[in-house]
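Chains as they are written, first to last, in our numbering: chain A, 1 to 524; chain B, 525 to 569.
No lab work stands behind these hints, which were simulated from the structure alone.
Mixed in with the good hints there might be a few duds.
To be verified - Ranges of calculated distance between the beta carbons of each label pair, as one might list FRET restraints: (1) LEU549/B - GLY138/A: 45 to 55 Å; (2) GLY154/A - GLY542/B: 36 to 46 Å; (3) SER21/A - GLY527/B: 38 to 48 Å; (4) GLY542/B - ASP229/A: 35 to 45 Å; (5) GLY542/B - ALA228/A: 39 to 49 Å; (6) THR141/A - ALA552/B: 46 to 56 Å; (7) GLY542/B - ILE451/A: 25 to 35 Å; (8) SER21/A - GLY542/B: 18 to 28 Å; (9) ASN459/A - GLY527/B: 34 to 44 Å; (10) GLU303/A - GLY542/B: 32 to 42 Å.
Positions of the beta carbon are idealized from the N, C-alpha and C atoms, including for glycine.
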Amino acid sequence: MTTPSDGAAAAPTGQRETFSSRRLFILSAIGSAVGLGNIWRFPYIAYENGGGAFLIPYLAALLTAGIPLLFLDYAIGHKFRGSAPLAYRRLHRAAEPLGWWQVLVCFVIAVYYAVIIAWAVMYTGFSVTNAWGADASGFFTGQFLQVSDTVGVGFNYVPGVVWPLLAVWVVSVVIMVAGVNKGIARANSIFFPLLLVMFVILVVQSLFLPGAVDGLNAFFTPDWAALADPGVWAAAYGHIFFSLSVAFGIMVTYSSYLKRRTDLTGSGMVVAFSNSGFEILAGIGVFAALGFMAFTAGTSVSEVAVSGIGLAFIAFPTIVSAAPFGSLIGVLFFGSLVFAGMTSLISILEVIIAAVQDKTGWGRVPATLAVSIPTAVVSLVLFPTATGLYVLDVSDAFVNVFGILAGALVTVIMIAWVLRRLPMLSRHLNLVSSVKMGRTWIALVAVLAPIVLGYILVNEVIAKASSPYEGYPLDFLAVFGWGMSGLLLVLGILMAFIPWGARSKLNDPEYEAHAAALEKEAGR
Amino acid sequence: MSGIAIALMIVAMLTVWGGLVLAILNLARHPEDEGHLPEEQAPEL
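The shape of chain B in the complex, shown without the other chains (with noise of 0.2 Å):
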């Protein structure tokens, strides 16, 4: 493989696949609130 296709693959892989690790790791920290939501919705009803 030339230089430039090798370069071309890593960026590739960094920007996506890394692009996906940031998104899972956003994710992680805005957890689910599912514990408190029926006590939350509940009153209004």
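Chain A with its partners taken away, still in its complex shape (with noise of 0.2 Å):
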């Protein structure tokens, strides 16, 4: 928080921005949690792991480890003030590496996130054409993206995808350089009110098409066996945690940007609830429309059920060319995708730039030109080409288990155990907030995270070491799997390791006299 005093002490560019009311941090960090997981993976996730009894081991998995470890986050961001590697110094002079590793994984995941935005603006067009006519399978990897057979890196580029691809990246370019309340909170504040509008017309008009009762039968049904299966349970607690978007640095970096007097867990509850009540919808609507496309293929909807890109780029185009109003379901579909992929490509980006704006003490412009071009470019080289499919693949694969979530297991431990901040934390959280986080949080954060954390990633790497990914050649999967994970790892190490210099904000007035106020009320 920003006072008259320190105001007239520090330039005015040097100033931590903040959030202009905590209304536009929670639109900003709900923009940031619902994303393209919502619409295409937990419809699917659902459905394979027990349909209506799914609920249960997802309710349980949203309030014993997404919501305690999204709390974890904001105590970290608001307490320490900073972008994720100086708020986990501030923290721990130790803990800075685990800062550094996930904002290179968020800049693996914002070269391959924006191609996917890419895709679905095209897309958003193609369903007014009907472009994709009967074959929409064959039109995706074929006419639109012109998919290699060879596996590899190649550079033969496919013009249908580099021209959206660089108009995605300069609208995000100028909505990071515009700033936390200029850039972030506007762009949020339009694109998801759009996003749910879009979103709920869509649902209502799903639910008329013939056949979306069955549908939904599929997607409730519960199946009650399921529950005994550990297998579900990880599915659970593995989608929440992707879900939220928890432990890579994202919600560090947004409650860096709260003012000091904020209801943390308060407005934490709204993002969260928010974030599965968005869920719930997605199901409704993408299994009323799957309903639908079993309905005129004459089959049942287990074999149209899939998730992912091939829900959305397969699925969705071959029920848009056949629906009464088809290509306005497109429309709001694809345009959904566009905005939910939007608003998490932002907070993804946020990361990267607030961490370097820290690190050199740089201004909002230079700091985030000197990201996003970077950025953009190593996305216009590798993902619109005949490959890029590929390469995303393996990223996307490979940086979810040894980026997110190895990242999130290490995080929880050093905190919880080596370095045992948790107290400290707890008492953070119950200064402002309304929600109060005391023993029963400490215990599922530093016990039951790590147990659940460790039981999928081992489970995660048992998979990926046994066979080959996805059948991908070996020396691909050791460049951009293995090689890449690896190296994300010890650059972050590496990076801790190069000094703070004295314009950074290591050394900061505004956060001294934050932590002075912090420490003064928790003595009243």
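With the hints in hand, could you dock these two chains into one complex?
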């Protein structure tokens, strides 16, 4: 929080930006959490793992792991008021590499995430012209992406992806240059309501399609036996964990822009339940549409249910072609993907920009350009090519496990067991918040979270190590899978050895004042 | 839709959307105290 006195002492450009209201923070945090995964991942995960019965592990995961880990991020970001590397550094010198690791993970995610948004932009237009004709699958990998038969890295560029991707990056840079309030908060306050309205219309329209009820029936019919399967519980915890975008710097960064006296847990509850609320909505909309798809194809819902890229770019185009007012469904669906993706991409980029700002002491504009231009170049060089789909697939699969999941496990163990900072963070949360986080919170973060994250991680490592992912060539996996994952960790550690300069935010009078004020409040 | 599927749909909506309503109500009961913040902070600096 800036005050009249320290505002006069520091140059205006040197002050840390803050969200001008709690509402804007909540909106931006929801925008970040609600992403592609809510729309294309949750419905299938729920369907595959017990249908209606999945609600039980899902709610358990939300309450016992998702929300507690979200509050851990909030406490660190808000108490130590910094980007991930700076906040962890202030927590303890030895924790700084965790922050840089998270920054690098965000870089990898940003470069491929933007590509999917670019595809969705094109598909919004294709929905009007019905560009895929009768063969959505052949169109996607053939005419549109021109996917090469050989897996590897090539530089045969596909103009139909290059241009929309460039546009996505230009829009992102414009938003990020404008800063926390005029850029991030404003973009979220436009994109998120738009996303919600479009998506609600889409869901309502899907419910009126013939066969929609069969889709819902398939989605909600419980398979109680699934509850005895540990894999189903792991799926619930894994999904909640990825869905809330915890433990890779985003929520640490956003909460560092909050004013000192902010109800952290009260705001976080709204964010977490909004994210899940959107997922339930997506499950209803997606399965109503899949019910229609099965109805037209004369098969069962289980035959057509898919997730991810297959759902968005193959199943939905098929639905768009067959449904009454199909073009409208397409525009609403792909438009929703664009807006949900953009608000998440913004938050991912902010993790990197904030870190560079804190480390260099640069202003908003130079830091944004220094981050987003190289990121955009890497994205534009590697992905809008005939082999881009392979690089995207493998980067996504590996960074999720060896970046986000492994990073979260190490972070939780380090903070809870090595540095033993949870009691301090619990006190910080309770200083201003309406929902108190005491011993139960500490137990969930220190004991349950590492067990669950460890279990999921071990299973994933076994799966990835036992057979080549997707049958891709080993040298390709060695570079873009294992090599990339290892490099992130090594670079993260190395970056923590680069000294913080005199102009960096490590010695920031504004932070000293913030810390002193917090101490005074705690003593009261 | 089968009875059990309808029941679970309603339970899912009630718990998750109901949770959201409760979270919003809780937050509304604890408004931001922006107004007195600068006065409170100024003396100690």
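* To do: State the violated hints by number, sorted upward, taking the hints as numbered earlier in the document.
  => As far as the earlier hints go, 2, 4, 5 are violated by this structure, in ascending order.
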